[in-house]
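Peer 1: Spelled out, the chains give:
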Amino acid sequence: MSLLSYLINGISLGSVYAIIALGYTMVYGIAKMLNFAHGDVIMVGGYLIFTFVSTLQLPVGLGIVLAVVLCTMLGITIEAIAYRPLRNAASSLAVLITAIGVSYFLQNVALIIFGANTKAFTSVVNAEPIKLFGDQITISGETIVTIISCIIIMTVLTLFVNRTKAGQAMLAVSEDKGAAQLMGINVNGTISLTFAIGSGLAAIAGLLLCSAYPSLTPYTGSMPGIKAFVAAVFGGIGSIPGAFIGGIILGIIEILGKAYISSQLADAIVFLVLILVLLIKPTGILGKKVQEKV
Amino acid sequence: MKKKILSLTLILAMAASVLAGCGGASASGSDTFKIGGIGPTTGGAAVYGIAVRNAAELAIKEVNAAGGINGYQVEYKFEDDELDNEKSLNAYNTLKDWGMNLMIGCVTSGCCTAVAAESSKDNMFQLTPSGSSTDCTAGNDNVFQVCFSDPNQGIGAADYIGQNGLATKVAIIYDSSDVYSSGIYEKFVAEAASQPFEIVSAEAFTADSKTDFSVQLQKASDAGADLVFLPIYYTEASLILTQANTMGYAPKFFGCDGLDGILGVENFDPSLAEGVMLLTPFAADAEDAATQKFVSDYKAAYGEIPNQFAADAYDAIYIIKAAAEKANATPADSVADLGTKMENAMREITVDGLTGAAMSWDAEGAVNKAPKAMQIVNGNYSLIQ
Numbered sequence: 001m002s003l004l005s006y007l008i009n010g011i012s013l014g015s016v017y018a019i020i021a022l023g024y025t026m027v028y029g030i031a032k033m034l035n036f037a038h039g040d041v042i043m044v045g046g047y048l049i050f051t052f053v054s055t056l057q058l059p060v061g062l063g064i065v066l067a068v069v070l071c072t073m074l075g076i077t078i079e080a081i082a083y084r085p086l087r088n089a090a091s092s093l094a095v096l097i098t099a100i101g102v103s104y105f106l107q108n109v110a111l112i113i114f115g116a117n118t119k120a121f122t123s124v125v126n127a128e129p130i131k132l133f134g135d136q137i138t139i140s141g142e143t144i145v146t147i148i149s150c151i152i153i154m155t156v157l158t159l160f161v162n163r164t165k166a167g168q169a170m171l172a173v174s175e176d177k178g179a180a181q182l183m184g185i186n187v188n189g190t191i192s193l194t195f196a197i198g199s200g201l202a203a204i205a206g207l208l209l210c211s212a213y214p215s216l217t218p219y220t221g222s223m224p225g226i227k228a229f230v231a232a233v234f235g236g237i238g239s240i241p242g243a244f245i246g247g248i249i250l251g252i253i254e255i256l257g258k259a260y261i262s263s264q265l266a267d268a269i270v271f272l273v274l275i276l277v278l279l280i281k282p283t284g285i286l287g288k289k290v291q292e293k294v
Numbered sequence: 295m296k297k298k299i300l301s302l303t304l305i306l307a308m309a310a311s312v313l314a315g316c317g318g319a320s321a322s323g324s325d326t327f328k329i330g331g332i333g334p335t336t337g338g339a340a341v342y343g344i345a346v347r348n349a350a351e352l353a354i355k356e357v358n359a360a361g362g363i364n365g366y367q368v369e370y371k372f373e374d375d376e377l378d379n380e381k382s383l384n385a386y387n388t389l390k391d392w393g394m395n396l397m398i399g400c401v402t403s404g405c406c407t408a409v410a411a412e413s414s415k416d417n418m419f420q421l422t423p424s425g426s427s428t429d430c431t432a433g434n435d436n437v438f439q440v441c442f443s444d445p446n447q448g449i450g451a452a453d454y455i456g457q458n459g460l461a462t463k464v465a466i467i468y469d470s471s472d473v474y475s476s477g478i479y480e481k482f483v484a485e486a487a488s489q490p491f492e493i494v495s496a497e498a499f500t501a502d503s504k505t506d507f508s509v510q511l512q513k514a515s516d517a518g519a520d521l522v523f524l525p526i527y528y529t530e531a532s533l534i535l536t537q538a539n540t541m542g543y544a545p546k547f548f549g550c551d552g553l554d555g556i557l558g559v560e561n562f563d564p565s566l567a568e569g570v571m572l573l574t575p576f577a578a579d580a581e582d583a584a585t586q587k588f589v590s591d592y593k594a595a596y597g598e599i600p601n602q603f604a605a606d607a608y609d610a611i612y613i614i615k616a617a618a619e620k621a622n623a624t625p626a627d628s629v630a631d632l633g634t635k636m637e638n639a640m641r642e643i644t645v646d647g648l649t650g651a652a653m654s655w656d657a658e659g660a661v662n663k664a665p666k667a668m669q670i671v672n673g674n675y676s677l678i679q
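Chains as they are written, first to last, in this note's numbering: chain A, 1 to 294; chain B, 295 to 679.
Treat the hints with caution; some may be incorrect.
Stated by the list, open to error - Restricting the straight-line Cα-Cα distance to at most 30 Å, the calculated cross-link-like pairs of lysine-lysine (DSSO-like) are:
# : chain 1 : residue 1 : chain 2 : residue 2
1 : B       : Lys381    : B       : Lys371
2 : B       : Lys587    : B       : Lys666
3 : A       : Lys32     : A       : Lys131
4 : B       : Lys546    : A       : Lys131
5 : A       : Lys131    : B       : Lys463
6 : A       : Lys131    : B       : Lys504
7 : A       : Lys281    : A       : Lys177
8 : B       : Lys593    : B       : Lys371
9 : B       : Lys663    : B       : Lys546
Said to hold, decoys possible - Covered by chain B, according to a simulated footprint, are these stretches of chain A (three or more residues, beta-carbon under 8 Å):
#  : stretch
10 : 8–18
11 : 67–80
Stated by the list, open to error - Counterexamples of contact, computed for chain A against chain B with all Cβ distances above 10 Å:
#  : residue
12 : Pro59
13 : Gly61
14 : Gln107
15 : Leu111
16 : Ala120
17 : Ile130
18 : Val156
19 : Leu157
20 : Val161
21 : Ala172
22 : Gly178
23 : Val187
24 : Gly189
25 : Lys258
26 : Leu279
27 : Ile280
These are calculated hints, taken from the structure and not from any lab test. Note that beta-carbon positions come from the ideal geometry of N, C-alpha and C, so glycine has one too.
Hey, can you work out the whole structure from these sequences and the hints?
Peer 2: Written out as structure tokens, the structure reads:
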């Protein structure tokens, strides 16, 4: 019985990682860059919703829409100011370091605006928890909503990328920027769109992260961000279903590791598993091996 | 060659700034005591730092109005350390440059230990209102505590739970990456062996994984614990209370002074903390005249009901005053001489304060006083009679 309950807790934690990992993998898959600031855009999303819903008392739906819109704009702005000028830089390290810089920038701005005091986030999820086996096992409403949102987002993203013109443009850009440009695709616009989608997802991830773990500080996004990055690599970075599977598996490993091995070593176990997976299958669970054509 | 010149210039510049720093410190303040304070006024433990900053200021104003210490007025400056050891050291150096000759702080154990390593070299008298780890005082003759040391909190908590028959099966959730939390945990476990309850589960978490407590709570619940002991800070405790509530697990929760402040978390639902007990030496609703005067003065000045940290800091200033008077200290003494005088005096004085009657200090710098327990009732801390 306790195993089942740990599994459910694992899925619940994993679903949060999964929804963050979707944003990571989306941006990496198309723009081929690691947006380390993704976790902090999530934190910004959390604060925006906190401000709209708890402080300004706006209706929840309106608050979420406003937060998604503002995060989308934030994502486009970050891309245009910080990443675009470096796209053709000699080393791809430059843009990676910039992303880390943006991450610290966002944390410090949040520190100035909101202060470092912990804020208790009121969950915006109204779903009743499901109780099984005579109340012995509880699946919280947040978990259910997070998993459903994950599946919806995953499906919509997959359809979008494979079925629409903009999505096809994204695939083309991810395969070969130069050739895509020659075929008349607006590369800058396409990458901006990718960041817009990724950051809009971050707002939703922030909402679900803070609903599940209702404590909001300027550093809320950083550790889940790193774990979700691990999940994305785990599932095969660039693969949308891979991010979902990677997130769920990572959550389950973390919780089972805590429960049956050691609650102090949980993080070490997570990273050990990542190393093992990368040794055995370097592209991750669902990653495709791309042959470099010479 | 160019590089050599550059590095030489840098070395000279550094040497000059070090000398300038020394000059500032030795020449300063011959007619006032300069008390410097360090603590987190922003960051996860800001509630503590702000309380200490305000209450010490309140006490210093009173002392100055009543004629100062040994006839000398007191100047006061408080620096933020954001709960970061390195920033705490920077704050210490800033205050030294300002001319500090007595120190109150740091507010938290980790920072206090880091600064004590440095202040013991200067023999700067350091009185921490709330740094409760034994690492703060161990081997540092210059450091004293107003609050209980962690071992004493661990022992006190185990005794209190045992003697009052609060539980038969106890679970513990602690932060193994924090000296405060693991210090209390170790002593609690050792003391529990001689108490009429059993520890059925002891689970840790670390600074990197402190959002999900489902496993720790599940284990406590599976083991049938009727009391969960939380020797941790309030930020994590607020998450634990929320998650326990979600999974429908409702044991008694018992914590130490780190839980003080949980009702101050913005937007926190106080009904989740209803019934939580904590071992803390100060209750704002106590009936004695000294407490009531302090609470009303603090409220008038800062608009809040003071917590235990505020009371510790208020006491700290009066302890400094008592020790300085006993030692016949003057601001003209060098920092190190003043330190020696104060340290000798500390081991002789007995002070009645808000956080305990007849407080005295042992050779290590730890305080002796009786513990009190409080419970959160109707969204307020109240003393258990």
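Peer 1: Against each hint, give a clear statement of whether it holds in the structure.
Peer 2: Each hint, compared with the structure:
| no. | hint | in the structure |
| --- | --- | --- |
| 1 | B:Lys381 with B:Lys371 | holds (16 Å) |
| 2 | B:Lys587 with B:Lys666 | holds (20 Å) |
| 3 | A:Lys32 with A:Lys131 | violated (43 Å) |
| 4 | B:Lys546 with A:Lys131 | holds (23 Å) |
| 5 | A:Lys131 with B:Lys463 | holds (26 Å) |
| 6 | A:Lys131 with B:Lys504 | holds (26 Å) |
| 7 | A:Lys281 with A:Lys177 | holds (27 Å) |
| 8 | B:Lys593 with B:Lys371 | holds (21 Å) |
| 9 | B:Lys663 with B:Lys546 | holds (26 Å) |
| 10 | 8–18 | holds (count 3) |
| 11 | 67–80 | violated (count 0) |
| 12 | Pro59 | holds (17 Å) |
| 13 | Gly61 | holds (20 Å) |
| 14 | Gln107 | holds (12 Å) |
| 15 | Leu111 | violated (7 Å) |
| 16 | Ala120 | violated (4 Å) |
| 17 | Ile130 | holds (12 Å) |
| 18 | Val156 | holds (27 Å) |
| 19 | Leu157 | holds (26 Å) |
| 20 | Val161 | holds (31 Å) |
| 21 | Ala172 | holds (39 Å) |
| 22 | Gly178 | holds (41 Å) |
| 23 | Val187 | holds (38 Å) |
| 24 | Gly189 | holds (37 Å) |
| 25 | Lys258 | violated (4 Å) |
| 26 | Leu279 | holds (23 Å) |
| 27 | Ile280 | holds (25 Å) |
The structure is inconsistent with the numbered hints 3, 11, 15, 16 and 25, although it conforms to all the rest.
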